[in-house]
Structure formats: structure tokens, C-alpha cells
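S.K.: Spelled out, the chains give:
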Amino acid sequence: MRRLPVYLVLDTSGSMVGEPIEAVKNGVQLMISSLRQNPQAIETAFISIITFDSMARQLVPLTELAAFQMTEIKASGTTALGDALKVLSRCIDTEVAKTTPEQKGDWKPMVFIMTDGIPTDNWEAGLAEYRQRKTALTVACAAGAKADTASLKKITDTVVQLDTTDAATISRFFTWVSASISATSTKIESSGKEVTGWEELPPPPAELNIVV
Amino acid sequence: MITKTVFSIITNGRTYQYIDNGEPMRGGMKDVYFSPDRSYVVAFYRDVQDHNSRERLIKIATQYYDSFFKREGGEYYKDLYSWPIDVVEQNRKLGIVVPTYNRNFFFQKGYAANDLIRGKEKEGKWFASPKFRNKQFPLRLDDTELGNWLSYFQICVNISRGVKRLHAAGLAHSDLSYKNVLVDPVTKTAAIIDIDGLVVPGLFPPDVIGTADFIAPEVLATKHLDIKDPNRKLPSRLTDLHALAVMIYMYLLYRHPLKGGKIHDLDTEKDDLLAMGEKALFIEHPTDTSNRPKQNQLNPKELPWTDVTKIPYTVTGPYLKALFEKAFIEGLHQPMQRPIANEWEEALLKTTDLIQPCSNPGCQQKWYVFDNSTRPRCPFCGTPHQGTLPVLDLYYQFKEGVWRPEDHRLMVYNNQYLFGWHVNRNLIRNEKLTPEQKVPVGYFTFHQGNWVLVNQKLDSLKDVTEDKEIPPGEMVALTDGKKLLLSRGEGGRIVVVTIANK
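Here the protein sequences come in this chain order: A and B. In this text, residue positions in the first sequence follow the working numbering: the first is 1, and each later residue adds one. In this text, residue positions in the second sequence follow the working numbering: the first is 1, and each later residue adds one.
It should be emphasised that the hints constitute simulated quantities derived from the structure, not laboratory data. C-beta: ideal position from N, C-alpha, C; glycine also. Mixed in with the good hints there might be a few duds.
[What the hints assert, rightly or not] One side only, chain A facing chain B, incomplete, derived with CB under 10 Å: (1) N26; (2) L30; (3) R36; (4) K98; (5) T100; (6) E102; (7) W107.
Generate coordinates for the entire structure from the input sequences, incorporating the hints supplied.
M.R.: Right, here's the structure in full:
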């Protein structure tokens, strides 16, 4: 059975302390519980969480929905977006199975990156590495007014912006992420095709502004 | 929360109401709203529908509705379909009005471990995937939701009948899939929904090519061609028959008949297209084994079902085995060879006559098909059959004094019933049976060390071997080689008894 790998790359820098980080944790929980109501998603979607502050690490390795368990996140430090892209690239290399003459590979991964600040490391080096990986879709989310949409635009064409980082707004973002994963896993089941562009996902909630 | 009123475009002045809370249930093409009393839903197409589609919907809700439901036997089909009863329009958006599904199609319990899906629709995927019945899987369904193996025979009979009736009317469903067929193993029923995509060959072009697991190979293999290209294959009655065969295979064996280990291309998407289209190959093909699931790649949570060496398709018995071969070997790329819905219905019903209860109380499936061996055992849990096993072969009178086998046998177990359709070949077991015809005419029981048939309603039952009439209220012992005439009437059958597992 081919898997649909989903990577959530989340900013846990110091500016996320308080309501924003709590909202992110809550959002991930909501997303998991909503996806667990969809048999197609349970069958195909595998989730991984990568967090980044002064450096990045894979917090939860690619895990099937049924077995997924969220671990504690704390916010502190700077915004090493470049390191996050490097870690993400390495995870894709090791976790996403390629089709070989012997074995069916996975679908191309979906990547959701969320950050509320300006990258503090050499993020272009990370981006250069990430560019060499094949993904079905990369969505970058600029959370709050201080997020740097310009650098995110260089990572992907699909950038959404949250006006604020309060609990309600962040939770709406995760609702949309979960609907997108649901739609993609159903689409793979129902047409054997991967989602390849922004247009095919469900419309984002009103509070998300698409940066074009 | 606003209650809105919409007007029928069919009947002047007829109105429907729905509750708009701003967050409709979103289907593939429609936004769905409940009526205030939740007895029906109003489903609006998100896209503007063209003239053709408008005409098709009106026809489905009027002419075809009447021909399906407003005639003798129409009641039976009301439970089998969720059929649009009217077409409405609002702000240039077309909508259909559909009665709410029966309550049994919503989970009473859902998952064993929590209430996350309680009250959700029982779409087919929950029951076609082996994980959800694996004891080690955290999100497995509760035992009370799963039914037993026999439940799925009845479900498949219902689906076959639903498809049979559509095809008899010249219609094709065009998108039979998990989402469009609700199944309930608890009440052993199924309902075909999303009837609005029906296609009438030559009249209305199909608007979808179907759902991946169920799309016929010829449709996938030609989907790159223009819709007007004569070589392009579109959904039709014949592609429904592929989907039906896949569905029956999946509900009885919980795996997909074409998803095996063969790699066709290193590009994932191309590989999938070939594996389900042009190069589609039955995973259990008897001679070409190249698409067998690879043993080292089986997911432990999907065992034993994905291991075709442990549970081959032949466990479904001789009648279904023959049809699966017709569907996935001869008919896979030759659509005209595919079994029709009526053949599936008949084979499923005949197979239920071969079915035996498993004596292991812990057996998940509870029932299995007699494998024609002298030492039968349950293929699911391995428990051998205990005690003797009478097998009744049915014969019909070909001409005076000459009796021929029907290719139909009845396996006896304690408290098994004999019905009118066993007694007389002119009575056919289908949806047209009257309530009286569904009452047993006799039953089998193990009595003082012997198997006996107790006659309840047969007025001309005769023990041919002993040359003795058996009037109602009396019983006759089933011994090896015994011949019983079940009825002297036209079409009356003789059964010949074989005692297996001696």
C-alpha cells in the first residue's frame, strides 16, 4: 500500500511563546482527530512533525495516523528556517520510499511550513537542498504580521498568511491543513492521482490570506 | 442558523426547506444541507449544471423514479437506493432533494476504543479494508459493527440486486464505489447512493470516470483520449459490472483484486495507471503469478486477508470462484465477458446454501463455505468440522424418468431450513418472493444420533429409497445415498444425500 507522507514543519522560536504555541499544539491534536474519522486518510496518510527554533529536529518521525502521538513542544530561541529545510530534506530522503523494480514506492510528500518570524540562519542553503527533493505540494504559512512572506515565497508559490497568531486563527489553519490532507488521500484513492497544485485543495478559510 | 426555502423546478409551487448554518457537508460536487426535521437533504451542485445535466436530473426524479418505485414491488427498492425525489434551483444553482438514509447506515458505536466516528455514515471503505477489523489496530471497529462473514453475502446480494435493477432499466450507475454504496453489516443491508450521476447510454454523457479502485481497466487505459474519440471508453453498464465484481471481492476478502506486487513503472503515478488500466492483472491469476502480493511486503495489520496463500479466493466456493475468474481473468480486458449482476446474485445465494457455521466460538467470521473435501475445516481459524456433514445435491427432471444435477447443493447444519426455492426449480430466490414464500417448508436437525429432515409444509415429500411418503409433521432420516422427492409438482426436485466427514 502506497503511503501519503505529510510533513508539518513548525516554528517554535521564542516569539511563539504563550498562546501561539499552545494553539499550534491544539491544532495538531484537532487535525489528527479529524483525520482519524476518514478511512481513506487512515489508510494512506502518514504524519511527521519537524520543529525549529535555534536549530531544527524531527520531533515525530513519519507515523501512521492510528499510531500518531504528539509530544511536548516548548518555544524558545531563534528562527533557523534553513536548518528546518535541511532536516526536512534528510527526512524525505530516509523516510519516503522510492519505487524500485522490487517495491512500490510512496506518493510524493505534502509539506506544510508554518513560521511567525524572519529566518535567522543561512536559510538559502537549506532551500537549495530542499529544492532537490520532489514533493507534491509545499504550503508555507506566514503566521502573524511579523512573518517574512518574501522568503517563504522563494520556498513555494503557495504561501498563506494568518493575520494574527491567536488560538482561533491558528486552529482554523490546522482545520484547513486537515481538510487538505483528507482531500488528497481521498483523491489518491479515488483517482490514483496526486494533488499537484494549489487549485485542487479545498478553499482556505476566510482568515487565511493567500500571498500572490 | 437560518431556515431557507427553495422551489421545485418540476412541480409548480412545491417547496422544500433546509437549515443553512454556513457549513454544509461538502461532497465531491455538492454542498449538502439537512431539512429542519432531518427527513431529507437538499444537495446543491457547486458548479452551474448544463442543460443536459438538468434534463437528466429531472428525468431521474420523475420518469425513472416512477418506473422504479411506483409499481408492484417498488417498495423493496426504496431501501436499496437513495433516490432523488425532486430538483430545486436557487441563485442559478441546481440542487436535488434526497430522503435521508436509514438510521442503520450511521455508526451506533464505531471504533472499539472511542466515540470518534459514532453517528458517521457507514461508507464501504470501513468494511472493505482489513485494518479496521484487526484486533491489534488502534482504530479498529467495534465487534458489534462488523457482522460476520455471512452478513457480507447478504450485503453483496443487495448490491447486486440494486445494480441488476438499474441495468434492467437501461441505466448505468457509472460510479459504484465505497462512498456511493453504504453498507451495514449489522442489519445486513446496503444502499446505493449518489444516483444523480446515472447514465443512459446514448442519451446523457457520463460526467465522471469513477473512483480509482473501481474504474474498469479500459476506461483508465483510454482516459488520455478525447471524450469524442471513438476509441475512448466511458462508464457504462459494462464498467459497472467491473466495479460490482471488485466490490464483491473486497467485501468478502478485504483486499483489492488487482493491487499486487508487480511494478510496471518507476514513476508512481504511471505505475498506478498501468496496474489498474492497460496492464491490470488479477493478483490471484492461476498461471501468471507476476502480480502476487510479495510476502515480505505484507502489512501485519492487514493479515491474514492480504495473504492470498492463506485465504485464496477459492474460499468463496465454486460458484463465486467461477465468477471471479470470469470477471478478473477472462473479462478483465474483455468487458463483454464480465458476469452480469444477476449471475452474481444467483451465485451468492447458491453459495449461502454451502455455508457452514464454524464450531469455534472465537472465530471472527463465524461461517465458511464447505470446500468439498472429506475433512472440512474453517479456512479462517483452522477449526476442523466436528461430526458428520450431510450434503444434499439437487436434481431436476429432465424428461420422464431422467433426472439431472442442478449444480446446486445444500449443506445441512443443525436448525438449517429448507425453503420453497430448494423444493421447486420454478420458484426463484430473488427480490420478487412473497412473504409466504420466505417461510421455511422444513428444517434439518441432529436427532438421537441421526440427521433428519422434519417436514413442515411439503404435501408430497417422499423417501424414494424406502418408497415411503413423509407427510407434514413427520421426519425422515438422512442417510448416505438416500434419495428424497421433495415435490411431485411441476418443477419438483429430488435430493440425493451424501454424508461427509464420516
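S.K.: Now tell me, hint by hint, if it's right for this structure.
M.R.: Evaluated hints:
Because the closest C-beta pair between N26(A) and chain B is about 17 Å apart, greater than 10 Å, the hint is violated. Interface hint status for L30(A): violated, as the beta-carbon distance to the closest one in chain B is roughly 12 Å, over 10 Å. Interface hint status for R36(A): upheld, as the beta-carbon distance to the closest one in chain B is roughly 6 Å, under 10 Å. Interface restraint check for K98(A): the shortest CB-CB distance to chain B comes to about 8 Å, inside 10 Å, so the restraint holds.
At a threshold of 10 Å, the smallest CB-CB gap from T100(A) to chain B is about 7 Å, leaving the interface hint in force. Because the beta carbon of E102(A) sits about 7 Å from the nearest beta carbon in chain B, less than 10 Å, this interface hint is met. A cut of 10 Å between beta carbons decides the hint on W107(A): the least distance to chain B is about 6 Å, and the hint holds.
Figure legend: structure checked against the earlier numbered hints; hints not met, in rising order: 1, 2.
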